[in-house]
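Student: Protein sequences appear in the order of chains A and B.
The numbers in our numbering rise by one with no breaks, and the one at position 158 of the first sequence is 1054.
The numbers in our numbering rise by one with no breaks, and the one at position 192 of the second sequence is 1088.
Derived by calculation from the structure, the hints in this document are not laboratory data.
One thing to keep in mind: the hints can contain errors.
You can't tell identical chains apart in this list, so a pair holds if it fits in one copy or across any two.
[Said to hold, decoys possible] In silico lysine to aspartate or glutamate, DMTMM-like type, Cα no more than 25 Å apart, as pairs:
| hint | residue 1 | residue 2 |
| --- | --- | --- |
| 1 | Lys932 | Glu969 |
| 2 | Lys1117 | Glu931 |
| 3 | Lys1037 | Asp1013 |
| 4 | Lys909 | Glu1144 |
| 5 | Lys922 | Asp1006 |
Protein chains: 2
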Amino acid sequence: MTKQQLFEQITQKNSYLCVGLDTDIKKIPSHLLKEKDPIFEFNRQIIDATAKFAVAYKPNIAFYEALGAKGWESLQRTIEYIPKECFTIADAKRGDIGNTSGLYARTFFDKSSSGLDFDSVTVAPYMGSDSVMPFLEFEGKWVILLALTSNAGGDDFQNLQVHNTQSSVHSPQSSVQSLQQPITSKQYSINSLYEQVILTSQKWADCERMMYVVGATRADKLLKIRELAPEYFLLVPGVGAQGGSLEEVSKNGMNKQCGLLVNSSRAIIYASSGEDFAQVAAKIAKKVQQEMEKYMEIYL
Amino acid sequence: MTKQQLFEQITQKNSYLCVGLDTDIKKIPSHLLKEKDPIFEFNRQIIDATAKFAVAYKPNIAFYEALGAKGWESLQRTIEYIPKECFTIADAKRGDIGNTSGLYARTFFDKSSSGLDFDSVTVAPYMGSDSVMPFLEFEGKWVILLALTSNAGGDDFQNLQVHNTQSSVHSPQSSVQSLQQPITSKQYSINSLYEQVILTSQKWADCERMMYVVGATRADKLLKIRELAPEYFLLVPGVGAQGGSLEEVSKNGMNKQCGLLVNSSRAIIYASSGEDFAQVAAKIAKKVQQEMEKYMEIYL
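Let the sequences and hints guide you as you build the complete structure.
Tutor: Laid out in structure tokens, this is it:
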């Protein structure tokens, strides 16, 4: 899916909601446990109920892996079921040396190998460029790189002040639509680690192939992040159960092509634990979508 | 497995070799493709051939995931087959917010959930403490944290100079056997990021529960790393195909309980692509073991 196609879907649905499919066999309504594949059945009903209000789905791969081969099959059924217009994110936080990252790319992007055909995968930046590039070899697929995460432990390293001695001028690979200007290192000679990740990684891929993860609990940092990466989409988890504010995220983070995918997992999919779980999920998703529509009118 | 048990196995076998099971369906000898589970059959023969010379096995999870549910089943058979005295490493480079890392821990440590029962898992540090702690809730299981990786891209961030403003004195949780002294921040007020990762993470777990990944291609840094973490085991990939020197790693990195697991994957498992692949793998593994025995006599 291209950036333009994603933006068109956002304007059609008046929504930038991503529904996180953190589907836990221990948390889904008990009446589903009699189904042959309860995890898929839960996802199917959630997708049917929320697809009008959501532009993206993000299965959290840990929840499927934890069930072994069976979980992998549920994931495969789920990704096949998600409507084709929706953007799909394998929230996997992968990253390894080149030949291994190449295998992870095959896992999430190459249907003929693994049965999976995601649009994007989340990647951890610690191992650097050659751990990320193999994912970009799959045409039309996206890398979503961790920058500033929503959890408390994110502060252990992501906010460390680092000396940038690596490059004097930062010049991002610009796409046809890019309006970005080179950023001088003088301006950003000492950065937080997460800022340095954003600056360095823009050399690896432009805003047509890469996004960044920025936690909603870090909404105050979004203005600075928008200076560094004005045109990149940001995947923003942490609204809902983790306490981030949708209004603040939208105000500080939205750009001319929206530039935001705001994820909500638990607050939507586990809004009810009864037989009405899908209807209640739809109700919450609709409420979030309506709030987003309001912010799009103000900030887009 | 305890650190003491691992050390005993090392002294019994006169080896600190870890065999990496980077088993690629596209690279295994063609005569195995007629087997019901070629990946497992390859691993089974490699394990049979090398278990006398190796103290650990490290399946690279990407290679199994890339085959979807089927790959997961091969992985399960493999982990069940590895002799119980050998230390097992899920080379998965995981790490996510707390509840998700908890699921990844279930994946690799909780046989009743996923069918897998590894001794340890490799974890990326970028998301900090609460992304690592859930793995430590499984008694007797280990976290192997990425510190300084063997790939060229490791330089993008791991060698950045960071200001340590987080703690004035570093005081690792010491085990009964620990001889570590507190390290003053004055001594290490500006560190490389990977050094800061080693310093900060020692607060999370002692050397009985945590190891660090240090690439063999960075053997010159091992003396400094041994100052920072004298008693922790180091998992050292990058000898063999990636060009690291076993002698230099052993000289700079060995401590009184060996403290090293040196991994070799491709150089052993793909030493021959013919029907004799297992015999040739055994020959190479034996040669590495004999070299290790020599270094243990000199440096242990």
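Student: Indicate, hint by hint, whether the structure satisfies it.
Tutor: Taking the hints in turn, this is what the structure says about them:
1. Lys932 x Glu969: Both. Shortest intra-copy (12 Å) and inter-copy (19 Å) distances satisfy the 25 Å Cα cut-off.
2. Lys1117 x Glu931: neither (44 Å within a copy, 55 Å between copies)
3. Lys1037 x Asp1013: within (9 Å within a copy, 33 Å between copies)
4. Lys909 x Glu1144: Answer is within; shortest intra-copy Cα gap is 21 Å, inter-copy 60 Å.
5. Lys922 x Asp1006: between (30 Å within a copy, 15 Å between copies)
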